[in-house]
Amino acid sequence: MTTKEEIIKKSPYKPKLVEVIDYHRETNDTFTIKLGWKLKHEPGQFVFCSLPGIGEAPISICSHSDNYVELNIREVGNMTRFLSKIKKGDKLLVRGPYGRAYPMDKFKSHNMIIIGGGSGVAPLKGSVEYISNNRGDFGEVSLFFGFRTPEDVLFRKRLDVWKDEFSMYINFDRVEGKTIYGGKQGFVTERVKEVVGDNKDAIVFICGPPIMIEKVAEILIDKGFDEKQIYISAERLMYCGIGKCGRCMIHGKYTCLDGAVFRYDELKDYKDD
Amino acid sequence: MVKGHIEMFKKSLLFQMIMVQFTIDKGDFEGFLRKVIEKYDLIGPVEGDKSKLRRKSLFRKIVSPDELFLEKKTYFPVKGYFFDPKETLFEFDGDKIIDPKIELKKKVFFGLRRCDLNGIMHQDMVFLDENEDPFYKARRDASFLIGLHCNEGDDYCFCNSVELKDFFDLMFYDKGKEYAVEVGTKKGEEFIKKFSGVFKKKDKIITEEDRKIRNKKKLDTLDIKDNYDDDSWKKGSDLCVGCGACTLLCPNCHCFTIEDEVNFDLKTGKRVRKPASCQLRHFTRVAGDHVFRNEKLARFKHRIYHQIQYFKDRHEEVFCTGCGRCIEGCPARIDWVKIINEMK
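Chains A and B supply the protein sequences, listed in that same order. For the first sequence, this note's numbering gives the first residue as 79, with consecutive numbering after it. For the second sequence, this note's numbering gives the first residue as 288, with consecutive numbering after it.
Because the hints were derived from the structure by calculation, they are not lab data. Heads up, some of the hints might be wrong.
[Unchecked claim] Distance windows between CB atoms, simulated:
| no. | chain 1 | residue 1 | chain 2 | residue 2 | range |
| --- | --- | --- | --- | --- | --- |
| 1 | B | K383 | A | K88 | 49 to 57 Å |
| 2 | B | E629 | A | R341 | 35 to 43 Å |
| 3 | B | K521 | A | N145 | 52 to 60 Å |
| 4 | A | Y146 | B | K383 | 22 to 30 Å |
| 5 | A | T227 | B | K343 | 56 to 64 Å |
| 6 | A | T257 | B | H569 | 23 to 31 Å |
Yeah, the Cβ is synthetic: ideal placement off N, Cα and C, and Gly gets one too.
With the hints as constraints, model all of the structure from the sequences given.
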């Protein structure tokens with residue numbers, strides 16, 4: 079028999095309080111919070127943040143450290159708009175980590191191509207930090223990031239470091255005035271087509287709007303990449319994070335348990351469901 | 288990972304079938320139920336009453352054995368007793384989390400049909416996997432399942448088409464003057480011992496003929512993998528009014544929403560879990576008003592594919608229990624079984 083005490087002790091839905099140790103506005107609609115939460119996690123996983131009375135939202139971890147957790151959030155809905163009002167020193171209710179991470183151990187000594195669009199850069203930041211921390215384990219690393227305009231560039235402090243450490247290609251949808259990081263006007267897809275060779279050994283991470291993922295994957299496959307070399311991210315509305323609520327299902331796959339990171343051959347038809 | 292957990296699940300107590308058989312005389316049956324009612328909460332099927340608010344048959348607490356309605360399966364499923372339609376996960380006061388008040392009472396269920404029992408088994412597979420849901424587990428632990436075998440299905444059942452499994456603590460088979468009783472679990476064995484006066488041990492009383500269920504309806508194929516783009520799905524989705532009755536009446540459907548209910552002081556409240564229906568548009572609606580399954584067709588196909596294929600891919604069991612409640616309860620009379628049968 080399960081007792082009431084056991085239910086309360088084992089409840090997977092109960093969040094815990096952690097402190098916000100830093101708050102930083104990235105652009106006019108995104109912000110990054112740093113939580114003093116010693117959480118063991120892997121690149122690609124996510125956590126749930128909750129504001130009692132408002133709701134709960136899954137947010138991907140955009141850092142890789144055992145001492146803290148960074149979350150990059152764009153104000154798009156009710157919950158994220160309320161969350162943007164949080165201040166340094168406040169407490170936040172969280173639970174996690176959830177989701178299948180990038181199997182980084184498998185990619186040792188491979189070349190890495192990391193492609194992100196807009197806020198899709200955030201979940202990739204964790205894996206780039208992982209690569210940066212274990213630089214000797216990986217071959218050549220190329221970063222392809224796309225943003226709307228130079229004002230929308232995220233993680234400038236990191237990009238300043240990465241532009242010397244890795245080959246970095248930045249693209250903007252629109253450039254009015256001066257560009258930064260040598261960014262060109264145009265879509266990421268065009269840059270990928272132009273720069274990436276037929277690299278048989280490279281592992282590709284793609285995260286961004288579904289249309290971008292689709293087009294980039296198409297280009298890479300045309301260049302001779304195998305579907306098993308490509309890892310994509312897919313997200314849906316979710317409530318539980320542990321494969322119970324059924325909301326995040328894409329053709330029978332749970333994005334909370336089987337994703338949010340998928341190998342491209344596992345989830346090719348993710349668009350129409 | 289998934290395979291391992293199914294094997295573990297099958298090894299668990301719930302699945303150890305102990306094939307001992309007993310009989311109980313129908314003359315003793317009422318007395319037996321009265322004794323059960325004295326000791327536990329007895330939940331059983333009761334008939335719908337057109338003159339009252341409760342118009343359709345459902346499972347309810349039984350006070351007297353003559354309330355029981357045993358002619359056919361109920362209109363409503365039994366799932367609400369385990370997967371509570373309004374579970375409080377916790378209460379809050381600002382940032383402070385307050386533990387929920389949980390009421391647990393031992394319940395004995397009588398009159399569960401094979402479809403109901405398999406529905407419970409499928410929900411067990413979801414809620415009692417490696418990420419166990421303690422709210423569900425507590426309710427399941429406190430329950431004792433007594434089945435009642437159907438010999439004759441109604442106009443909507445097609446359970447012979449979906450390979451139902453044996454899953455019960457006790458199963459009753461109607462044999463005219465008496466009930467033959469099959470013991471499924473250790474829990475069931477212990478239960479019989481408590482009422483040893485009325486149950487008489489009798490080996491091999493249940494024949495193959497007794498185990499048969501006669502269906503009027505049949506689902507021709509469980510393999511719809513290649514039919515995803517078939518135009519015939521439109522026959523169903525065009526009629527669909529998107530009410531979600533099918534998912535409400537399904538003994539398996541377990542999707543839910545987590546919502547915060549705030550009190551008037553805007554500070555205290557509780558976080559509750561409520562059932563959700565994949566047939567409603569907002570099921571996949573995210574911030575920015577993007578809806579992933581915006582078309583009725585996509586939502587309709589999602590339900591059928593989850594029932595027939597997706598669950599099987601993950602858990603090696605067909606999700607659908609063939610009870611036909613979704614067809615019986617559909618206001619637009621959509622018969623998806625017929626749609627699949629007519630496909631090439």
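Hint check:
Checked against the given bound of 49 to 57 Å, the beta carbons of K383 of chain B and K88 of chain A, roughly 20 Å apart, lie outside it. Distance hint check: the CB atoms of E629 of chain B and R341 of chain A are about 37 Å apart, consistent with the given range 35 to 43 Å. A beta carbon spacing of about 55 Å between K521 of chain B and N145 of chain A agrees with the range 52 to 60 Å that was offered as a hint. Between Y146 of chain A and K383 of chain B the beta carbon distance is about 24 Å. The supplied range of 22 to 30 Å therefore holds.
About 59 Å separates the C-beta atoms of T227 of chain A and K343 of chain B, a value consistent with the hinted range of 56 to 64 Å. Between T257 of chain A and H569 of chain B the CB atoms are about 41 Å apart, so this pair departs from the stated range of 23 to 31 Å.
The structure shown violates the earlier hints numbered 1, 6.
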